[in-house]
Every structure is written in structure tokens, then in C-alpha cells.
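From first to last, the protein sequence lines stand for chains V and R.
Under the working numbering, think of the first position of the first sequence as 24, with each following residue one higher.
Under the working numbering, think of the first position of the second sequence as 198, with each following residue one higher.
Don't read these hints as lab results, they were simulated from the structure.
We put the beta carbon where it would ideally sit given N, CA and C, even for glycine.
The reader is advised that the hints may include incorrect statements.
[To be verified] Derived CB-CB ranges, DEER-like: (1) V:N136 with R:L212: 26 to 34 Å; (2) V:T257 with R:R213: 52 to 60 Å; (3) V:E286 with R:L416: 44 to 52 Å; (4) R:D356 with V:P120: 33 to 41 Å; (5) V:P284 with R:Q355: 15 to 23 Å; (6) V:E196 with R:S259: 26 to 34 Å.
[Unchecked claim] Pairs of lysine to any residue residues, derived as SDA-like cross-links and limited to a Cα-Cα distance of at most 25 Å, are as follows: (7) V:K137 with V:M233; (8) V:K143 with R:A231; (9) V:K143 with R:P275; (10) V:K137 with R:V489; (11) V:K137 with R:L230.
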Amino acid sequence: MAVRADEVRGIRLASTGRVARRQAVSRASRYVLLAATLTGVAMLVYLGYETVDRGWSRLSWDFLTSYPSRFAERAGLRSSLIGWVWVLALTVVFAIPIAIGTAIWIEEFAPRNKLLSLVKLNLANLAGVPSIIYGILGLAVFVRFLDLGPSILAGSLTLALMILPMTVIASQEAIRQVPPSIRQGALALGATRWQMVWHHVLPGAMPGIMTGTILAVSRAAGETAALIMIGAFTFIAYDNTSPFEDFTTVPVQIYNWTIRPQEAFRQNAAAAIIVLMVVIFAMNLAAAIIRERFRQQQ
Amino acid sequence: MAAQSGPDAISYADLRRRRAAHLGERFIELILLACAAVSLITTAAIVFVLFEETVSFFENVSFSEFFLETEWQPLFRPVSFGIWELVAGTANVVIWSLVFALPIGLAAAIYLSEYAAPRTRKVLKPILEALAGVPTVVYAYFALTVITQDVLRPIFGQDIQFFNALGASIMLAVMILPTIASISEDAMSNVPRELREAAYGLGATRLEVAIRVVVPAALSGIVAAVLLAIARVVGETMIVAVAAGSTPNLTLSPLESIQTMTGYMLQVALGDAARGTIDYQSIFAVGSMLFVMTLMLNIAATVIVNRFREAYE
């Protein structure tokens, strides 16, 4: 460490008394605040450890390919995995085109009037509506009124409405990132507005839209309450082959096993949580990679 | 195409093609407008559905019973629909989750904004925000099996019930930690440097600058963060349904078994209530209450954030 100038001259500039105390408190505060910041991270690590500790031994190929059962040792995730894939795939099919269409309308076509501000305000508020409210909307409209029953179709429509606001907002941001010069260039060469959007704006915004979409789907993948509201809390011992069938998903199965008193089912829940978290983590990682790639290209 | 051959050379076919393209454009614009309308229709449908069933509910249960009675007992006779036990349950977990999340979240925000090197912040902030991406059913599992069984039971012994508000509140606090920390940090980072430098110039230490200058200047952003966090707790279902119990209970004690508004809604849905029954209608009445509460919290947060932006730009 370098010798301080005041020490060379033999002068002591260190503070004393009240000032010294204030400075000491301030220096110590760094570590207290850092500790608080790390609390959340520590919690994540602790909970991750607990889950792996409890669930790892249950994780096997049989666990992934067996139907649920009254006997914890024989129960598995087969039907909930299949139902999960069905619901999420259809959610993407319903939500993404509408979300991108809404974002394009807002950013590229909408007249700057009251209707536009209404749509924007509405989206911001919808994003804050609790998932269980989407659940009772799905229950009243899709399950009962349209008479779809607690089917894959009803579930995916409900989840599609739930992730719509956040997907629109992410797509809007991605579209706004495309420089105006690209739009002007396309229009100057005689492209129509739609040709400009389709051939120039959308390709440029695609990585951002995909990032937002993947994150939204990862939220749908973890959703439990809305699906229980529409009736996904059921015992399914067959492979789903049509969107009109009843279904269950991995998060709902985790809930099912968690609320049983037997320790063996809790182990199953821990094992299923490992599966769920791996999938969610993979989605978030994919989103992060796409975002970074895109940044480098720019 | 047409422009290349000059204005005189525009053929009839060209004009027709342009007109077709123009019509196509109009059509596409209508489709896009229809997409945008979906979100408006969603809101309208939510309001309509909640309203319709809530009206049927109040045909059977009087307003005064709903808002003045204190007992919520829909499943056993004599039935009673006093909402306050469920509201108290929700308030209970809101208060106790904030007791944990507010100091820790604010401390994290102060550290990230005022103390951390840019590189540290770049690493820590995304990790903290990852807590928001964990599905809440996972937190629900932890609240029941890890927090209650392994931590709270050994500490409190028989004083704490197996299903209790505290275990749920602790995991709710973990859930809202990123909301509080991240939004507060944004607000603190937006405080102009001049304010900090003026305080340093007067001899304030780093901690004093953070607490006496930055926090007050960013207060509206912090309040907005807390309101959004409260809205998330109020609307959260899985954690409270699994860990907090299903006993409507007019208490703010964290050691007792309670039931929140969301917890009740999920319980009825699990029981598969038939349409037209009072049970089925009651989840819409409680849902209306929930919807109005979260909407007001979100609007309040937005209003406060917008005011705050005007102050420094």
C-alpha cells in the first residue's frame, strides 16, 4: 500500500471523536447492507439445496414416465408433463400472434388519439391483475359459458389472456428499438406501411420479441392458481391426445403432492420442483442468450 | 416499379395493383386493430363476469351482512358471509411479509445504488431479480415443508400452528424482495448527482448521504415499489393457500392459521362448486373485492411514479 502524504510529513489527519464515530458507522454500514442484499441470494441457495436434498433420490426415468398414483413410490409426472406441453404450446399459438399484432398496431399504425392511450393504460392495468382473477375469468367464460369444460383448450386460452399484457409490452419495447432510419429508408423506396413493418421492422425486433415471449411463457409454465380455478386439479391417468380433454400440469401436480400429509408425496413434490426449475431456468437462460447475441450484433 | 418509369408511364394495371395493395393494407390494419381490441375485451369481460355473479351473490346475501358481519362461514350452517375475516387474513400476510421484505429490500436497494461498484451491481441485480421468476407453487412448498416444519416449529414449538401466517409471510417476503429492491434501486439511481455531491461537500458520510439525502429524494419511487409489492401479496394465491391454512380468522397474529381472500377462492374452486350455488357466486364477490383492491394499488403506484418523473426531468 502506498504511504499517505500526511504520514510522510508527520501530520495526522485522521478524524477523532464524533466524526470518527460517524465515519466508522458509515464504513460498517457497507457490510450490513451487503449482507441484506445477499439474504435473498442465500435464501435461493438454501431452498435449492433443500429441494435437491429431498427430491434427488426420487428423480428417475420411471418418475418422468409413470402416471400419478395413490402410492407415492409409483407415482410419476407422465400425464402432467404431457398436459403441460399441450397447454403451453397452445398458449403460445393463441397469445403470440395477438400480442405481436397489438404491439405493431400500437407502435406503427395507431393514430395518436384517445383510443391509443386507452389501450396502453388498459394493458398496464391488465399486467397487474392477479392470476387467480384470470382463473375465474377462464372459469366463467371458457369453462362454463363456452362449455369447453376444464379442458386443455380452456386452460391455454386462460393462460394466453394472462401473458398477453407482458408479451405486448415486451414486443412494443423491441419494436421501438428498431431505428427510425430503417423505417424511413423503406418508406422512401416506396414500401407500403405494412411492407415496411413486415420486411424491416419485424426482423429487427424479432430477437427482442422472442426474449419477451420466452419469459412470458416461463411465467405461464409456472402458473398454478389460474389452472386450478378452471379445474386442472384432477387425476389424469392417460396421455392427452386432443385439446378438448381434461388435463393437469407439472405445477398443479406439485401442489397436489405438497398438500398431502405423507412425507413420501412431499419427496415427489421436491423431485417435480427440480424438473420445473430446470425448465424455467432453461427458458430464462435461452432468453438471456438471445438478448446478449442481439446486443452484440448491434 | 411505377415510379421508375416516370409518372406518364403509370399504366392502368399499375394503378389497379396499387389499389389492391392499398385495400390489403386497410385489411391488415383492421386485423391489427382487432388484436389490440382483445386486451380491451379481456378487461370488459373481467369486469362483466365479476359484476354479474357478484350481483347474483348480493341477491342472496345482504350488503350489510357482507360488510358488517365479522364471520366468514360459507360451508357450514348457519352460513355467514362477513368479508372481514378474509380481509384480515390478507392484511395479516401483507403486514408480516412487509416486516421482512421492506428493511431487507430497502437495504439491498441502498447497497446496489449507493455502495456497489457497477460491476457488482451488474452481477447482483439479475440474481436478485431471478427470485421474481420462481413459480409461486415452489415458494408454497418451501413455506410449508422447509420454513414451517424445519425452522418455525423448532423455534416456536406448540405456540405456532402447523398452518400459519408467518411461514407464508416469510416466503411472500422472498417473492416481493426483487420488486421492492429493484424498483427502489431504479428510483435511487435517478436521484441527481448534484444532491449527493452537495451533501458530501458538507461533510456527510456515505451512509448519511444514502439515508438523509437519497432515500428522501427517491421516496415516491420507493412508495410506488412498496404499493406494487403489496398488490402482488394481495393477489398471490398458492403460497397462502398451501401454508397459511384455511381457517377464516379475524387476527393479525402471525402464529395462527388464517385464510386470505385468494385462499378462499382456491378452496372453493377445488371443491368444484356448481354454477348458481351461493359458493360459486361467493368466489366472484370475493374476487371483485380482490380485483378492486389490486387495481387501486396499481393505479396509485402508477400515479406516484409519474409524479416523481416530472420532478427530476
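Practice prompt. Using the beta carbons of V:E286 and R:L416, state whether their distance is inside 44 to 52 Å or not.
Written response: holds (48 Å)
Worksheet item: Is V:K143 within 25 Å of R:A231, Cα to Cα?
Response: With a Cα-Cα distance of about 15 Å, the restraint between V:K143 and R:A231 holds, given a limit of 25 Å.
Worksheet item: Taking 25 Å as the top limit, are the C-alpha atoms of V:K137 and R:L230 close enough?
Response: holds (14 Å)
Discussion item. For V:K143 and R:P275, compute the direct alpha-carbon distance and say whether it is at most 25 Å.
Written reply: With Cα atoms ~47 Å apart, V:K143 and R:P275 exceed 25 Å; violated.
Fill in: Holds or violated: V:K137 to V:M233, with C-alpha atoms at most 25 Å apart
violated (29 Å)
Fill in: Verdict for V:P284, R:Q355 (Cβ pair) under range 15 to 23 Å
holds (18 Å)
Worksheet item: R:D356 and V:P120, beta-carbon distance inside 33 to 41 Å?
Response: violated (55 Å)
Item to complete: Could you grab the alpha-carbon distance between V:K137 and R:V489 and see if it respects the 25 Å cut-off?
Response: Holds, at about 24 Å.
Worksheet item: Between V:N136 and R:L212, is the Cβ distance one that fits in 26 to 34 Å?
Response: holds (31 Å)
Discussion item. Tell me if the beta carbons of V:E196 and R:S259 are separated by a distance inside 26 to 34 Å.
Written reply: violated (48 Å)
Fill in: Supplied distance hint 52 to 60 Å, evaluated on CB atoms of V:T257 and R:R213
About 58 Å separates the Cβ atoms of V:T257 and R:R213, which means 52 to 60 Å holds.
Violated hints, listed in ascending order, are 4, 6, 7, 9; each of the other numbered hints is respected by the structure.
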